[in-house]
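There are 4 protein chains.
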Amino acid sequence: MNLRVDLNADLGEGAGHDDELLAIVSSASIACGFHAGDPATIAASVASARAAGVAVGSHPSFADRENFGRSEIEISSDNLFALVVYQVGAFNALATATGSRPNHVKPHGALYNMAAREMKLADAIARAVAACDRSLVLFAPGGSELARAAEAHGLRVAREVFADRNYMPDGSLVSRSRPDALLHDADEAAARVIRMLRERVVRSVDGTDVPIEADTICVHGDTPDAVSFARNVRARLEEEGVTIAAPGSNS
Amino acid sequence: MNLRVDLNADLGEGAGHDDELLAIVSSASIACGFHAGDPATIAASVASARAAGVAVGSHPSFADRENFGRSEIEISSDNLFALVVYQVGAFNALATATGSRPNHVKPHGALYNMAAREMKLADAIARAVAACDRSLVLFAPGGSELARAAEAHGLRVAREVFADRNYMPDGSLVSRSRPDALLHDADEAAARVIRMLRERVVRSVDGTDVPIEADTICVHGDTPDAVSFARNVRARLEEEGVTIAAPGSNS
Amino acid sequence: MNLRVDLNADLGEGAGHDDELLAIVSSASIACGFHAGDPATIAASVASARAAGVAVGSHPSFADRENFGRSEIEISSDNLFALVVYQVGAFNALATATGSRPNHVKPHGALYNMAAREMKLADAIARAVAACDRSLVLFAPGGSELARAAEAHGLRVAREVFADRNYMPDGSLVSRSRPDALLHDADEAAARVIRMLRERVVRSVDGTDVPIEADTICVHGDTPDAVSFARNVRARLEEEGVTIAAPGSNS
Amino acid sequence: MNLRVDLNADLGEGAGHDDELLAIVSSASIACGFHAGDPATIAASVASARAAGVAVGSHPSFADRENFGRSEIEISSDNLFALVVYQVGAFNALATATGSRPNHVKPHGALYNMAAREMKLADAIARAVAACDRSLVLFAPGGSELARAAEAHGLRVAREVFADRNYMPDGSLVSRSRPDALLHDADEAAARVIRMLRERVVRSVDGTDVPIEADTICVHGDTPDAVSFARNVRARLEEEGVTIAAPGSNS
Numbered sequence: 009m010n011l012r013v014d015l016n017a018d019l020g021e022g023a024g025h026d027d028e029l030l031a032i033v034s035s036a037s038i039a040c041g042f043h044a045g046d047p048a049t050i051a052a053s054v055a056s057a058r059a060a061g062v063a064v065g066s067h068p069s070f071a072d073r074e075n076f077g078r079s080e081i082e083i084s085s086d087n088l089f090a091l092v093v094y095q096v097g098a099f100n101a102l103a104t105a106t107g108s109r110p111n112h113v114k115p116h117g118a119l120y121n122m123a124a125r126e127m128k129l130a131d132a133i134a135r136a137v138a139a140c141d142r143s144l145v146l147f148a149p150g151g152s153e154l155a156r157a158a159e160a161h162g163l164r165v166a167r168e169v170f171a172d173r174n175y176m177p178d179g180s181l182v183s184r185s186r187p188d189a190l191l192h193d194a195d196e197a198a199a200r201v202i203r204m205l206r207e208r209v210v211r212s213v214d215g216t217d218v219p220i221e222a223d224t225i226c227v228h229g230d231t232p233d234a235v236s237f238a239r240n241v242r243a244r245l246e247e248e249g250v251t252i253a254a255p256g257s258n259s
Numbered sequence: 009m010n011l012r013v014d015l016n017a018d019l020g021e022g023a024g025h026d027d028e029l030l031a032i033v034s035s036a037s038i039a040c041g042f043h044a045g046d047p048a049t050i051a052a053s054v055a056s057a058r059a060a061g062v063a064v065g066s067h068p069s070f071a072d073r074e075n076f077g078r079s080e081i082e083i084s085s086d087n088l089f090a091l092v093v094y095q096v097g098a099f100n101a102l103a104t105a106t107g108s109r110p111n112h113v114k115p116h117g118a119l120y121n122m123a124a125r126e127m128k129l130a131d132a133i134a135r136a137v138a139a140c141d142r143s144l145v146l147f148a149p150g151g152s153e154l155a156r157a158a159e160a161h162g163l164r165v166a167r168e169v170f171a172d173r174n175y176m177p178d179g180s181l182v183s184r185s186r187p188d189a190l191l192h193d194a195d196e197a198a199a200r201v202i203r204m205l206r207e208r209v210v211r212s213v214d215g216t217d218v219p220i221e222a223d224t225i226c227v228h229g230d231t232p233d234a235v236s237f238a239r240n241v242r243a244r245l246e247e248e249g250v251t252i253a254a255p256g257s258n259s
Numbered sequence: 009m010n011l012r013v014d015l016n017a018d019l020g021e022g023a024g025h026d027d028e029l030l031a032i033v034s035s036a037s038i039a040c041g042f043h044a045g046d047p048a049t050i051a052a053s054v055a056s057a058r059a060a061g062v063a064v065g066s067h068p069s070f071a072d073r074e075n076f077g078r079s080e081i082e083i084s085s086d087n088l089f090a091l092v093v094y095q096v097g098a099f100n101a102l103a104t105a106t107g108s109r110p111n112h113v114k115p116h117g118a119l120y121n122m123a124a125r126e127m128k129l130a131d132a133i134a135r136a137v138a139a140c141d142r143s144l145v146l147f148a149p150g151g152s153e154l155a156r157a158a159e160a161h162g163l164r165v166a167r168e169v170f171a172d173r174n175y176m177p178d179g180s181l182v183s184r185s186r187p188d189a190l191l192h193d194a195d196e197a198a199a200r201v202i203r204m205l206r207e208r209v210v211r212s213v214d215g216t217d218v219p220i221e222a223d224t225i226c227v228h229g230d231t232p233d234a235v236s237f238a239r240n241v242r243a244r245l246e247e248e249g250v251t252i253a254a255p256g257s258n259s
Numbered sequence: 009m010n011l012r013v014d015l016n017a018d019l020g021e022g023a024g025h026d027d028e029l030l031a032i033v034s035s036a037s038i039a040c041g042f043h044a045g046d047p048a049t050i051a052a053s054v055a056s057a058r059a060a061g062v063a064v065g066s067h068p069s070f071a072d073r074e075n076f077g078r079s080e081i082e083i084s085s086d087n088l089f090a091l092v093v094y095q096v097g098a099f100n101a102l103a104t105a106t107g108s109r110p111n112h113v114k115p116h117g118a119l120y121n122m123a124a125r126e127m128k129l130a131d132a133i134a135r136a137v138a139a140c141d142r143s144l145v146l147f148a149p150g151g152s153e154l155a156r157a158a159e160a161h162g163l164r165v166a167r168e169v170f171a172d173r174n175y176m177p178d179g180s181l182v183s184r185s186r187p188d189a190l191l192h193d194a195d196e197a198a199a200r201v202i203r204m205l206r207e208r209v210v211r212s213v214d215g216t217d218v219p220i221e222a223d224t225i226c227v228h229g230d231t232p233d234a235v236s237f238a239r240n241v242r243a244r245l246e247e248e249g250v251t252i253a254a255p256g257s258n259s
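Residue numbers (the numbering used here), protein chains in the order written: chain V, 9 to 259; chain W, 9 to 259; chain P, 9 to 259; chain G, 9 to 259.
Chain V with its partners taken away, still in its complex shape (with noise of 0.2 Å):
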C-alpha cells in the first residue's frame, strides 16, 4: 500500500522560520499582500521554494494587514471574486515570470473559515481560481463548502487536516480555547496521520473514529517548537515509508 500526503506551511509571512519550514514541507503557501507580505516578498518566496523543490500556491486574505487576515469581514459575492482573481492573478504571473509554476490556492485566516461554511463565499472563491486557470489544486477542508464549490467547477480540491490539533466528534477542529486542542507529541501526531491515510479516520476527543480525508497536512512554522514538531512529524512519516509531495498533476 503506496501511502501518499502533501506538507503545507505559509510563507512570507514574515516568521523568520521560512527556511527551515522549506526543508521540511512538500508545499508552501505565499502571502499575497493583503494580510502580509508584497511583491518583493513573493518574489523571494517562490525563488527560495523553488530552490528547495518545495511547489508553491498564493495564499489570498481579506485586505486586512492590521488583523493579519484573521478577522470576519462580510463581503459581496462579486467584491470577493474580484479580491481572490487579484491576488491569484499577481501571484501567478510573479511565479510564472519567474519560471515557477503555480500549483494551488489556499484562501488565509477568516477567509478559509467562512469560505469552508457558507456556500455563497465558498462558490465566489472556485469560480475566481477557475477563472485564473482550471488546473490549480484549491485547498479546503474535506466535506466543507468550500471543497464542494471546487468540485462545483471542476476544480481538484486538496483535502487539509491538521497534524497539531484535536478533533471533535464531528469532524471539526476542538476549538483553540479549550485546552485540548493541540497536540504536543510529534509521535502521536504523526502516528494519526498514518491512520487518516491508512484507516481514513481521527481518533477524537470523545474516543469515537471520526472519517477523515488527507490529501495535505497543515504544518506550522510560527515558533521554533512548531518547525521542530514539524520536522518530526515528517521523519516518522518517512520512516512510514509515506511519500511526502505536492498534490497536483501527479499526485
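These are computed hints drawn from the structure, not numbers from a lab. Everything numeric in this text was worked out from a predicted model, so none of it was measured. Idealized CB from N, CA, C, for every residue including glycine. Among these hints, one or two may not hold up.
Claimed, not checked - Covered stretches of chain P (chain W as the covering partner; in silico rule of three or more C-beta atoms under 8 Å from a C-beta of chain W): (1) 93-106; (2) 131-143; (3) 157-167.
Given the coordinates of chain V, work out where chains W, P and G should sit on it, guided by the hints.
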C-alpha cells in the same frame, strides 16, 4: 490623409469624473491598488469602460498611497520587475476574468517620469510587461528611455503627448512651476494636436518647431474644467476628421 | 450619428490576394491548419496583418483539408470542444509570442453554418472559446444559436453580415443556387450596409424590410473582382463617414 | 540519501499500451498531432493521465505523419519557432481547459535528436517554450545543445537518460545498428539507473565509467516486452527506496 490618435485618461483613482471621461476617451488606464484603487474599483472601472466602448490598461505605480504615487522612490531592478509584474498580472487577470481585454500598460506618476529618463528602470518595466503578455502596448514619451526599452523587448509603444501642456525647445514639458506650463484654450490645444499628427512637430515656448510623434494624447479629468477642456479637444479633432481609437492590433 | 463597423476577411488560406485585402479590412480571420494553413503561414499572416494595422483572430475549422472545411461533419460535443480549444489555443499562443493580440474567433465554413443552427455545437464552440480567453469576440450571424451560446457564456459577439449577398424575407441568405444570390454593384452593397447601420434593416428579395444588426461585414477576396468590389464598398462607407474598425474593447 | 527520478513515456501515439504505461510512469509526453494524434486523442490522453496521477507534457514534432516524425527535416529558425509554439500552445490550452496542468515539453524523434546537437534549432525550441510558459520543464539529453539553450532562456531542464540503452565511452548512445545497443535485463537496467542517481556515472560498452546526470528516464511501451521491462525497472527502483515523481516545482 487618414489621421488617427488615441485619447487616454486615468480611471479608478477616486477623482469623481470617471463617467464623463469615459464619454470622451478611447483608452483608460486603471489604478491597480498601489497609488489608488483596489480589486473592487478595478472591476467596476473595467466594467464601466467596457460599457462605454473604451479600451483598458493597467496603471502600475510605486507602492505609495500617501503621496498618490507622485514621490520618486529608489528601487532595485528586481524589486521593480516584481512590482510591475504583480500589478499588471493582477489587473490582466481581473480584466480577462470579467470578459475584457487588457490592451496597454501606462506606468503612473513618479514611476513614469523616472522610467522615461533611467534605462535601468525602463528595462525592468519593459521586461515585466513582456513577461506578462507580449502583445500589450506600452505608453511612453516618444524618444524616452522607456520607449527604447519597450522596443528592445519587442513591445509596441504608444508615444504619449499632452494636449494641455507647453513644450520646451528640447521636446520636454515646460515645468509645472512656470506660469506658461499649461494651455487653457481647447481650440489651440486641438490645433496643436492636429499639427502633431499632420506635420509631426509642436511649436515650443520659444517659437521653434520641435519634432514630436503622437500616438496617444493624455487627457486630465481631475476638475470640471479639465473634463470640459478634454471634451472640446475631442470635438475639434472629430470635426477635422481625426479618428479617435485605442492603439493595438489594428492601430 | 456616429456609425462604425468592422470589415473582415479570411487570410492565410493560400488565395493569393492577402496583401490587397489587408489594405481594405480591419479584421482578418486566419486559417489554423485544419482546412488550410500551417504554423509558418499563421505566423506570416499575423505579421502581415500587424504591419497593415489589421486586427487578427483565429478561424478554426473541421479537420478537412480535402474539402477546405466546407463539408458538414458529425462530431460529438466533447470532440468539438477539443477541436476548437486546440486551434484557438495554437493560434493565440503564436500571435501572442510574436507580439500580436488575438482579437476574435470566427468558425470556418461548414462549422460556422452548423453552429449557427445547432445549439449543441454552438455551445461547445462558445465553451471552448471562453476556456481559452474570455475576452475574445466571437463572430456569429445575428440571432443565430452561435450568437445565443456566446452570450450565455459571457462572450462578446460581433454580428456578421454579408455585403455581397441577398437576403430572404426571414433574414437568411438567398441560397447560392439561385441566380439572385449575389449583389454585383459595390455602390448598392455599400448603400445597403449603411442602411443596416442607420436603420437596422435590409431590403429582402421580395421587397420587404427585414431587421438586421451589423457589427462586422464579411468581405471576400478569392477573385480580383471580389477584391475590387470590397475596395469600392470600403471607399463608399468612408465617404459616408462610417468608421471602419475592429470590434473589441473599444467597440 | 534521498534518491528521486522521473519515469517518462510517450502517449497518445496509437501504440496500444497507454493504460499499462500509465501505471508505471510519472510523466507522459503526448503527441500533438504532427507525428501522431489529434485534438480528441490529446484530450483523452490528458484525462487518462490525470486519472492515473501522471504528469503531462507536450511532445511536439516535425510535421511528418508519414514517417512518424523520425526523418530529419531542414527548417529555418523562424519556422521551427512557429512549429513549436503552435503545438505547445495547442496542447497547453487543451490540458488547462480540461483542468490539467501542462508540466513539460519533450521534442519528438528527429526533432529531439537534431536539437540535441544543433544550437540554432535548440535555441528556437527553447525560445518557443519560454514564449508559451516560462515555468515548463524542457526534457533534453544532459550536456546537449538543447539543455544549454533551455538554461540560457531560464527554463528548467530535466536531463533524460535511457534505461534500456547502452552508452559509448563519450556518453552518447550506442547506435541501434549495433548488436549491443539494447539492455534486456531489467535488474541490470535498474542497477544502472541507481548508479546514475547515486554516483552520477554509467558504465560504458568499453568498461569505463562515463559521467551522466539523470532527472528523467525514458521508458518505451511499443511492445508487451518493453512494458514488462519498464514495470520491472520501476519495481526494482522502488525496492531500493528511489522516489518516482515528475520533475517540476517540487523536484
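Now the hints, each set against the structure:
For the segment 93-106 of chain P, the assignment as covered by chain W holds, since 4 residues bring a beta-carbon within under 8 Å of that chain's beta-carbons and 3 suffice. For a cut-off of 8 Å, the count of residues in the segment 131-143 of chain P with a CB near a CB of chain W stands at 3, and the three-residue condition holds. Remark: the segment 157-167 of chain P is confirmed as covered by chain W, as 3 of its residues place a Cβ nearer than 8 Å to a Cβ of that chain, reaching the required three.
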